[in-house]
Amino acid sequence: MNEYTADEMMSVAAARALGEGTSCFVGIGLPSTAANLARRTHAPNLTLIYESGCLGAKPSRLPLSIGDGELADTADAVVSVPEVFNYWLQPGRIDVGFLGAAQLDKFGNINTTVIGTDYHDPKVRLPGAGGAPEIAASCKEVFVVLRQNKRAFVDQVDFVTSFGHGSGRGDRERLGLRGAGPTLVVTDLGLLRPDPDTAELTLTELHPGIELDSVVAATGWTLKVAEDLKTTPEPTERELSLLRELKKAGE
Amino acid sequence: MARVLALGEAVAELVHDGDTVALEGFTHLIPVEAGHEIIRQGRRELTLVRMTPDIVYDQLIGAGCASRLIFSWGGNPGVGSLHRFRDAVQHAWPVPLEIEEHSHAGMANRYVAGASGLPFAVLRGYTGTDLPGQTATIKPITCPFTGEQLTAVPALNPDVAIVHAQRADRAGNVQMWGLVGVQKEAVLSAKRSLVTVEEVVDELEPRPGAIVLPTWAVTAVAEVPGGAKPSYAAGYYERDNAAYQAWDPIGREREEFTRWLNDLTGVKA
Chain A
1 MNEYTADEMM SVAAARALGE GTSCFVGIGL PSTAANLARR THAPNLTLIY ESGCLGAKPS
61 RLPLSIGDGE LADTADAVVS VPEVFNYWLQ PGRIDVGFLG AAQLDKFGNI NTTVIGTDYH
121 DPKVRLPGAG GAPEIAASCK EVFVVLRQNK RAFVDQVDFV TSFGHGSGRG DRERLGLRGA
181 GPTLVVTDLG LLRPDPDTAE LTLTELHPGI ELDSVVAATG WTLKVAEDLK TTPEPTEREL
241 SLLRELKKAG E
Chain B
1001 MARVLALGEA VAELVHDGDT VALEGFTHLI PVEAGHEIIR QGRRELTLVR MTPDIVYDQL
1061 IGAGCASRLI FSWGGNPGVG SLHRFRDAVQ HAWPVPLEIE EHSHAGMANR YVAGASGLPF
1121 AVLRGYTGTD LPGQTATIKP ITCPFTGEQL TAVPALNPDV AIVHAQRADR AGNVQMWGLV
1181 GVQKEAVLSA KRSLVTVEEV VDELEPRPGA IVLPTWAVTA VAEVPGGAKP SYAAGYYERD
1241 NAAYQAWDPI GREREEFTRW LNDLTGVKA
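Sequence lines, in order, name chains A and B. So the first sequence is numbered by the working numbering: it starts at 1 and just counts up by one. So the second sequence is numbered by the working numbering: it starts at 1001 and just counts up by one.
In isolation and in its complexed conformation, chain A is listed as follows (with noise of 0.2 Å):
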């Protein structure tokens, strides 16, 4: 058996669901380390997307921002920024949205903006929106990667900074958004999906390792659970020491 930290489970696991062949509009962080693991795992020709104007990014190393010279260098064309939100992320061009969180709720839409309820005075004062909401708004699909804690995973968001499904299923639909929104998120402890008729984040894979109540005890609502719950794949050799290539590489 392979030692593996939950992190580093996490980051394979995001990885692995970034297919062949498909674009992906890449976050920072977590969402930037799993898209560049499936490059060099099971998707050579992943597509990777980066804000800053970078299309196409084939990185050697973990950039530290998403204008990381080493995105631009690498990539098939670099654009400007009202260009990469008008022409190609806005049509829906993009498969996938990567991205993180601050706070997620359980219809998956998104925080990043402000902790609290009163959004003039905050808890904590978050960086905002970026490019997550039409990221949100327009990839054909979105998967998030977080890691799993009560503070985290709230029942509702304090602030809709990126819309995930509302308040269930039928809701982007009545909005006119054109995604599909949140089909997957991964976190430390396992992966959740959007149940197929109230789009509720129901967990259906758990980490190994891990137990049921861990994560119950780490959500902040009612977890409902898969009937059919798996156990996601270890990570193998091959992912855990390219993956800390990667790691390595970009520090």
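Don't read these hints as lab results, they were simulated from the structure. This one's a predicted model, so the numbers in the text were calculated from it and none came from an experiment. Incorrect hints may appear among the rest.
In silico DSSO-like cross-links for lysine-lysine, where the CA-CA straight-line distance does not exceed 30 Å [unchecked claim]: (1) B:1229 with A:247; (2) B:1191 with B:1139; (3) B:1229 with B:1268; (4) A:123 with B:1139; (5) A:140 with B:1139; (6) A:123 with A:150; (7) A:58 with A:248; (8) A:248 with B:1229; (9) B:1229 with A:58; (10) A:230 with A:150.
Model the placement of chain B on the given structure of chain A, informed by the hints.
Just chain B, lined up with the frame of chain A:
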């Protein structure tokens, strides 16, 4: 025609108290030195505009230069929070900071409208989010052709835009390449503009794809080698990632920050 000025002279002439000022640069080519010059000259009550206020905006805010910020993502990229920004929003230190908050797509389109001489821009964004409820400059609009509900955002037309570029010639034509972010739109949307450059050369070497801001679109050019550090200038120097990390503990505490500020402005503690 752009005039080639010294940085201090250019900032003194172009940036006034109470102005709306955009210092743009999307991770690359951030006009950091120009921001520091604004701090040194003690500008007050600025409305600062920028898609990605990062550490130079943290510094301007901490120094009390700004009373308002129009932005879409405020953080120290790859590191974490902007503590001076947070302190100003949450505790009004050193002065209260009002915010006008957008998404990247919203901001980019506001500059595009500004550069295009149009009153507003249209995008298919913000739907379902709480941003329109907090930001008066996000409004629904109906497409007159299809009836689709879209979003309108007003043009941004800053009093002055400041960007950094690789090169200019003595006539003030500017060459910029690599990640060009929203810099061209910011310059073209502004009433006045300052481009700081790594070097002023006699003649610009033609470079396919390099963005050229012609001299007649720019108010002033200032030669400021290293003027984007700790961000980077493709072809000149790389991003100083360690400096971004080193900012975190300085920005975190008012006292540490004040020491940094005194060093910058030459005030003896």
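Results for each hint:
no.: 1; hint: B:1229 with A:247; in the structure: 25 Å, holds
no.: 2; hint: B:1191 with B:1139; in the structure: 25 Å, holds
no.: 3; hint: B:1229 with B:1268; in the structure: 24 Å, holds
no.: 4; hint: A:123 with B:1139; in the structure: 27 Å, holds
no.: 5; hint: A:140 with B:1139; in the structure: 25 Å, holds
no.: 6; hint: A:123 with A:150; in the structure: 16 Å, holds
no.: 7; hint: A:58 with A:248; in the structure: 17 Å, holds
no.: 8; hint: A:248 with B:1229; in the structure: 25 Å, holds
no.: 9; hint: B:1229 with A:58; in the structure: 25 Å, holds
no.: 10; hint: A:230 with A:150; in the structure: 23 Å, holds
In this structure, every one of the numbered hints holds.
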